[in-house]
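Enquirer: Based on these hints, arrange chain B on the given structure of chain A.
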Amino acid sequence: MVKKELTEKSPLRSLEKAVNGGLGKGNIAVIASKQGIGKTACLVHIATDKLMRNKHVIHVSYANKVDHIVNWYEDIFTEISKKRSLEGAMDVHNDIIHNRVIMNFSQKGIPVSQVLASVKAMMDNGQVGTDAIIIDGFDFTIGTAEDIKKFKDFALEEQIELWFSDSYKGEENFQDERGIPKNLVKALDDISVVLTLRAEQNYMVLKLVKDHKSIVSEDLQLKLDPKTLLIAEV
Amino acid sequence: MSADITKMRNIGISAHIDSGKTTLTERILFYCQKIHAIHEVRGKDGVGATMDSMELERERGITIASAATNVNWKGHDINIIDTPGHVDFTIEVERALRVLDGAVLVLCSVGGVQSQSITVDRQLKRYGVPRIAFVNKSDRTGANPYKVCDQLREKLNLNSVMMQVPIGLEEKLEGVIDLVRMKAIYFDGHDGESIRIEEIPEALKAEADERREMMLDAVSMFNEEIMEHMMEETEIPEELLHETIRKAVIAQDLVPVYLGSAYKNKGVQEMMDAVLRYLPAPPDVENKALDLDNDEAEVVLPSDRSKPPVALAFKLEDGQYGQLTYIRVYQGIVKKGSELINVRNGRKFKVGRLVRMHSNNMEDIVEAPAGDIVALFGIECASGDTFCSPDLNLSMTSMFVPNAVISLSIRPVDKSASDKMAKALNRFTKEDPTFRTHVDPESNETIVSGMGELHLEVYIERMKREYQAEVITGAPQVAYREAISQAADFNYTHKKQTGGSGQYARVAGTMEPLDTNGEKDYEFENKIKGGAIPTEYIPSCDKGFQAAMLKGSLIGAPVVGVKMSITDGQFHAVDSSDQAFQTAALGAFREAYKKAKPIILEPIMKVSVEGPTEFQGNIFGTLNQRRGMIVASNDEGNYSVVEAEVPLSEMFGYSTVLRSSTQGKAEFTMEFAKYGRVPSSVTEDLIKKYEEERKAQQK
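Residue numbers (the UniProt record's numbering), protein chains in the order written: chain A, 1 to 234; chain B, 1 to 699.
So that you can see chain A by itself, here it is in the shape it has in the complex (with noise of 0.2 Å):
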């Protein structure tokens, strides 16, 4: 299979269709579950499929090392390229990964608007047609609803798509009654497209909560492979 015809086939597209034609420039979206649960392999598989159609991604992390991050691109890239057998997957890894960057905040006393004026000079200087940033380790209970405004007027101003991942500790319900997840209350209004990851007895299932304008509670033909973590169809 070429690179194409991957990205084509990807399930990934029918997140988008599920989504009223994907996320879109200029919006947020927040995969929420419980820890351990494989929100970071989700992340990595969207902005995997985003560099697949050769577009820049800007992966920023405030939980883990570098090399832990790096690791997980290479072994969804790998899974991903053997189920589909890529062809000339060697030449294709070495061009995409030219695409992507990884930033690694300390959340410690970092204000959101240094890391977002650190992302604005990395798309400036380094990173130039940045298309989508991958936010992974965010906690959103010290984040308050004016530094979520402040990523989403971000992500207005430079027309590009955030991604998220919001996690819970521990057995209670993080969800409200409407099925949102308790830390996004807050600033749901800036928050485009939430998702949830729950675990079911043999995978992990992928359920819209909120599609743009709309409250729905709808399980998506999506599940995550337990073994692989990637996302495939039901």
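The set of hints was computed from the structure by calculation and includes no laboratory data.
Treat the numbers as computed from the prediction; the structure is a model and nothing was measured.
Mixed in with the good hints, there may be bad ones.
[To be verified] Think about it this way: if two alpha-carbon atoms lie no more than 20 Å apart in a straight line, the pair counts; the simulated EDC-like pairs of lysine to aspartate or glutamate are:
| # | chain 1 | residue 1 | chain 2 | residue 2 |
| --- | --- | --- | --- | --- |
| 1 | A | 150 | A | 124 |
| 2 | B | 606 | A | 74 |
| 3 | A | 120 | B | 650 |
| 4 | B | 155 | B | 614 |
| 5 | B | 674 | A | 74 |
| 6 | B | 125 | B | 150 |
| 7 | A | 169 | A | 157 |
| 8 | A | 82 | B | 461 |
| 9 | B | 606 | A | 95 |
| 10 | B | 543 | B | 614 |
| 11 | B | 674 | A | 91 |
| 12 | A | 9 | A | 79 |
| 13 | B | 597 | A | 95 |
| 14 | B | 74 | B | 238 |
| 15 | B | 423 | B | 461 |
| 16 | A | 34 | A | 153 |
| 17 | B | 674 | A | 95 |
| 18 | B | 350 | B | 339 |
| 19 | B | 597 | A | 8 |
| 20 | B | 597 | A | 91 |
| 21 | B | 205 | B | 233 |
| 22 | B | 34 | B | 270 |
| 23 | B | 674 | B | 692 |
Expert: Here is chain B on its own, set in the frame of chain A:
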């Protein structure tokens, strides 16, 4: 030397460029009556600071080589090493820290904690060196010692605490208030040599009380007795405070902050008192060696003078009278005339001249006890060697030697310079483990490599001045490689049958890229069935291919990553020979090589740039312009580290560009990562250049 080991200190003066290390050291020497007049760095009086003895250092106003000196302050013997602040001379800092017990971290009251202070602090942490801080230049406009103290906490994560309050700041700096004694201290006389102790000025009482409270809070964490005194509001004995602070400093849990202005002769003596009070004596620091007779088990060296001697050679220097070896004695006593063994090569030697160093002057001594730093004459060794009593086999753990980041080709101007150059190179590589040299087998050039452009510049300059070796420096050659990107078949006949003994050989087969992650450069497989080529000529084919790989046809660089398989061929009963098959294989290789879409590979470096976050954009930009791939960026508050992969060929001159685009506040390190494909635009340039060179040679 004092008989009491607890009255010894080995300290380093560490800081970033221009914080005034050398000026401070000059004052220390003066107050300890080691020198009788103060001279300034880049001295207007034409003398220059005592510790910058090298002509080059005085000209440039920077410290290049760390200098050792020995002073006596209030009955204590103190060995002081003044270290360079410039990153290019990082090895000087590394080896000084390796043998020091404590350090004074000097900071500028205006600049505060700068990126290089962070580098220095990281080095101190690596060797676990306890420290006190001295906020220098408090007389400057914009001086704020409190801010610096906070920065130590925020940026370096040090538990810093102000031990003093300034009496007036900027040009009004008159003296300091000691928060332990609660007294005002003034520095009178022409050079601030006479100390006047008075009551705290009324206007500063409240501030002093508040700061003392903060200091006591910090210190009481380490001693319950102090806490009790504070609760009961009873007077805290001065001795108890000193003792508690000392313990916390040695455990690296506390960094007391002093302030002053070395240039204006204020506050230096108080800081010296703090060195005696709080920094460790040799027995307070646990030093370890590895027992080579016992599976490298760690052995603690207890600074015991009655045990057999163990010493570490940490620095070599070419002195007026031959090679000078600086050693730190860790155990026993090194005596003049005694026998020691160099553990690395097992060679025995006799201690000849033993001297104590004072910058470039020295005084002869007969013995050096554990804890001391002295120098030996005429010992053949390398830096990092351990010297032991012949009945011991211990090795001190080595110091950290960073990889060289930049290289340059050098060529002597004439025959006489050639010998001198060799001599100088031999000397410098022994002195400085970060300065390396080799002859590139591909270009036959002498290549020197080091930590940065300034580093190499200084050595080229020293070659000229100290060895009269004039050299011409050139841009270093990047070691390119060639490879193929797809498989190709070959079928080649070598024929020469015109009279006399002829030559005949035909080889056919496939050439394909070898993907073994660069571990294997060449593979040969014989797939011939039925004896189309007699077995005796198979190795000839192998040889012919390998000969062809030495020089690719694109730019004449070696070819790597090729698998050659032969499947068919032909021979002639009379005219075939080893030579004929080698030639045929060579021809076959060249034929297939053209069809196999050859490419050029270049070394890609892993580059790590560190600097203040405000310059992040500039850092990204400079890397991007150099065909760099930014892999990651790490932000830690005001400081960020950018990691990238950049072709080596683009990195020449980078240090200058980086410095100018970040006001000298960013620094970088790089190391070889892998060979990567040269983009087609660059490939064309390289091929063109190669063709031109070849034509020029043919003329």
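Enquirer: Run through the hints listed earlier and report the numbers of any the structure violates, in increasing order.
Expert: Failing hints, ascending: 3, 7, 8, 10, 16, 19 and 23.
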